[in-house]
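So the protein sequences, as listed, match chains A and B. Under the working numbering, the residues of the first sequence are numbered 1 to 114, in order. Under the working numbering, the residues of the second sequence are numbered 1 to 109, in order.
Please note: incorrect hints may appear among the correct ones.
[Claimed, not checked] Under the rule of at most 30 Å between Cα atoms (straight-line distance), these lysine-lysine pairs were calculated in the DSS-like manner:
| no. | chain 1 | residue 1 | chain 2 | residue 2 |
| --- | --- | --- | --- | --- |
| 1 | A | Lys71 | B | Lys45 |
| 2 | A | Lys83 | B | Lys45 |
| 3 | A | Lys83 | B | Lys2 |
| 4 | B | Lys42 | A | Lys15 |
| 5 | A | Lys44 | B | Lys45 |
| 6 | B | Lys108 | A | Lys78 |
| 7 | A | Lys62 | B | Lys96 |
| 8 | A | Lys11 | B | Lys108 |
| 9 | A | Lys83 | B | Lys108 |
| 10 | A | Lys62 | B | Lys42 |
| 11 | A | Lys83 | B | Lys96 |
| 12 | A | Lys62 | B | Lys2 |
| 13 | A | Lys44 | B | Lys96 |
| 14 | B | Lys96 | B | Lys2 |
| 15 | A | Lys11 | B | Lys42 |
| 16 | B | Lys42 | A | Lys44 |
| 17 | A | Lys71 | B | Lys2 |
| 18 | A | Lys44 | B | Lys2 |
| 19 | B | Lys42 | A | Lys71 |
| 20 | B | Lys79 | A | Lys78 |
Read the hints as simulated data drawn from the structure, not as lab findings.
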Amino acid sequence: EAGVAQSPRYKIIEKRQSVAFWCNPISGHATLYWYQQILGQGPKLLIQFQNNGVVDDSQLPKDRFSAERLKGVDSTLKIQPAKLEDSAVYLCASSQTGANQPQHFGDGTRLSIL
Amino acid sequence: RKEVEQDPGPFNVPEGATVAFNCTYSNSASQSFFWYRQDCRKEPKLLMSVYSSGNEDGRFTAQLNRASQYISLLIRDSKLSDSATYLCVVIGGGFKTIFGAGTRLFVKA
Chain A
1 EAGVAQSPRY KIIEKRQSVA FWCNPISGHA TLYWYQQILG QGPKLLIQFQ
51 NNGVVDDSQL PKDRFSAERL KGVDSTLKIQ PAKLEDSAVY LCASSQTGAN
101 QPQHFGDGTR LSIL
Chain B
1 RKEVEQDPGP FNVPEGATVA FNCTYSNSAS QSFFWYRQDC RKEPKLLMSV
51 YSSGNEDGRF TAQLNRASQY ISLLIRDSKL SDSATYLCVV IGGGFKTIFG
101 AGTRLFVKA
């Protein structure tokens with residue numbers, strides 16, 4: 001079974017530029033998550049999708065971050081404009097539907113803002 | 001108070017030792033609990049789910065104490081390869097996922 005795919009693996013941009021990340025979940029997983037993990041901290045949930053609908057985006061900085069999952073499969077996360085404090089690893093995860101279903105993570109995208 | 005709290009450690013133990021971590025949560029309505037393992041510069045990987053009755057997987061035992069609102073992870077006969085950060089995950093009402101900050105474990109020869 002193919003795992004969660006993310007791209008790119010690394011990205012370096014200057015502040016105020018824009019950046020986008022892509023995620024392809026495990027086949028058949030209806031729930032998709034985007035996390036931000038700052039060095040030394042646990043992952044922080046940014047947004048959770050159930051199919052193409054948003055379940056929770058309470059911690060997404062909506063003035064600069066956006067995410068979509070138009071067809072209920074792939075998802076993109078965008079930051080525009082980027083700030084220095086956005087330097088982090090952005091992790092995508094997917095799971096089957098249900099609170100007792102474990103999440104499976106992609107390799108993540110390591111973002112550095114100069 | 002944080003919604004999910006873990007002792008950051010680090011825990012430094014010799015090979016063969018038994019070590020235990022706790023993770024407390026504030027929402028009594030939390031539904032599901034997991035332990036994940038994260039190696040340096042890698043993604044989190046599921047270690048085990050935590051069931052109400054407790055569960056064991058080889059050298060690892062996870063327990064849930066709803067009355068005191070914490071989960072625990074016990075590692076017996078520690079191996080060098082167990083060195084990692086251990087993250088607890090709590091699924092609250094509305095399927096909200098909250099990760100702890102993690103507990104770092106170093107197992108030394």
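>> Hint check: Lys83(A) vs Lys96(B), CA-CA at most 30 Å. Holds or violated?
In response: 26 Å, holds
> Given the proposed pairing of Lys96(B) with Lys2(B), does the C-alpha separation stay at or below 30 Å?
Replying inline: 15 Å, holds
> Is it true that the CA of Lys71(A) sits at most 30 Å from the CA of Lys45(B)?
Replying inline: Holds, at about 27 Å.
>> With the threshold set at 30 Å, check whether the alpha-carbon distance from Lys11(A) to Lys108(B) stays at or below it.
In response: 35 Å, violated
>> Against the 30 Å threshold, does the CA-CA distance of Lys11(A) and Lys42(B) hold or violate the hint?
In response: 16 Å, holds
> Is Lys42(B) within 30 Å of Lys44(A), Cα to Cα?
Replying inline: Holds: Lys42(B) and Lys44(A) sit about 16 Å apart, inside 30 Å.
> Do the alpha carbons of Lys83(A) and Lys2(B) lie within 30 Å of each other, as the hint requires?
Replying inline: 26 Å, holds
> Going straight from one Cα to the other, do Lys42(B) and Lys15(A) come out at no more than 30 Å?
Replying inline: Holds, at roughly 25 Å.
> Straight-line Cα separation of Lys44(A) and Lys45(B) no greater than 30 Å?
Replying inline: Since the Cα atoms of Lys44(A) and Lys45(B) sit roughly 16 Å apart, the hinted pair holds (cutoff 30 Å).
> Is the hinted pair Lys42(B) and Lys71(A) satisfied, with a Cα-Cα distance of at most 30 Å?
Replying inline: Judged against 30 Å, a Cα distance of about 29 Å means the pair holds.
>> Would the hint linking Lys62(A) and Lys2(B) be met if the CA-CA limit is 30 Å?
In response: Since the Cα atoms of Lys62(A) and Lys2(B) sit roughly 23 Å apart, the hinted pair holds (cutoff 30 Å).
>> Run the distance test for Lys83(A) versus Lys108(B): straight-line Cα separation, threshold 30 Å.
In response: 40 Å, violated
Hints 6, 8, 9, 17, 20 from the list above are not met by this structure, while the remaining hints are.
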